[in-house]
Amino acid sequence: MDEVKLIGFMCNWCCYAGADLAGVSRFQYPPNIRIIRVMCSGRVDPELILDTFLYGADGVFIGGCHLGDCHYLEGNYYAEKKIEMAKRLLKAAGVEPERLRLEWISASEGERFAAIITEFTEEIKELGPVKCEKEELEAACIAAADYKLRILATKERELLEDGNKYGEVFTMHEMDRLLDDMVQEDYESKRILLKLKKPMSVKEIASELNLKPNVVFRRILDLKRHELIEIHEIRDNTPVYIANTREGVE
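Numbered per the working numbering, the sequence shown spans residues 1 to 250.
Simulated from the structure, these hints should not be mistaken for lab results.
Glycine included, every Cβ here is placed at the ideal spot set by N, Cα and C.
Among the clues, some could well be false.
[Said to hold, decoys possible] Restraint-style ranges between C-beta atoms, simulated for each label pair: (1) Asp20 - Asn214: 54 to 64 Å; (2) Glu158 - Pro30: 58 to 68 Å; (3) Met39 - Ala115: 22 to 32 Å; (4) Gly68 - Pro97: 40 to 50 Å; (5) Arg43 - Glu158: 14 to 24 Å; (6) Gly128 - Gly23: 26 to 36 Å.
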């Protein structure tokens with residue numbers, strides 16, 4: 001694969017300035033990347049990253065200030081956790097997490113910027129195009145917008161260092177397990193929600209998504225509790241569900 005599409009979200013104060021220095025200094029790197037300047041890497045939301053892949057990007061690069069040098073004090077620490085969340089969602093959707101890369105590059109590191117972009121471009125060329133179905137990425141995008149995952153992504157550092165409101169401090173292993181479970185559950189729920197654009201039973205959903213019927217049933221109960229789906233009809237003593245278009249997907 002010769003041509004790949006890369007999108008770069010770069011901090012205005014450091015990485016973007018480093019890219020500018022690379023251009024002024026004529027350090028060569030592949031022209032595949034399209035740069036978007038943001039005020040802080042911490043403003044790049046997992047939903048935005050997943051949307052970028054959904055609309056055809058083969059790789060996404062996030063560039064920020066070195067830890068401790070953030071213009072907004074802690075923005076890059078939040079960026080780190082948000083990128084980890086986005087990688088979990090990519091993995092759930094069957095997309096290689098390596099397609100998303102986070103690097104700290106200062107305004108004076110133009111040569112390093114060029115080297116990293118060259119390396120990243122070659123890595124994406126080796127991976128080739130994104131192979132997952134569009135519906136899988138769409139489900140990951142919807143999951144990325146879920147308030148529970150958004151809160152966890154921004155509160156992870158606080159939970160690891162200071163604990164929750166009950167004073168319980170999480171270990172890294174406990175937090176990883178919690179995040180993995182929540183991402184998988186939310187991703188499965190969003191895939192089911194997308195399938196329910198048309199009426200389907202639990203068994204039909206389980207067959208199409210290759211999930212166990214008891215897992216599908218648990219997700220169905222959760223979706224119904226949040227009024228995202230409703231019973232469409234009873235067919236041969238079996239409930240058939242459909243997305244609630246007022247609350248669900250359109």
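Here is what the structure says about each hint:
1. As the Cβ distance of Asp20 to Asn214 is approximately 55 Å, the hint placing it in 54 to 64 Å holds.
2. Checking the proposed 58 to 68 Å range against Glu158 and Pro30 shows it is violated: the Cβ atoms sit about 39 Å from each other.
3. Hint check: Met39 to Ala115, Cβ distance near 25 Å, so the stated range 22 to 32 Å holds.
4. A C-beta distance of roughly 25 Å is found between Gly68 and Pro97, which places it outside the suggested range of 40 to 50 Å.
5. For the hinted restraint 14 to 24 Å between Arg43 and Glu158, the CB-CB distance of approximately 18 Å keeps it satisfied.
6. For the pair Gly128 and Gly23, the beta carbons lie near 28 Å from each other, so the given range of 26 to 36 Å is met.
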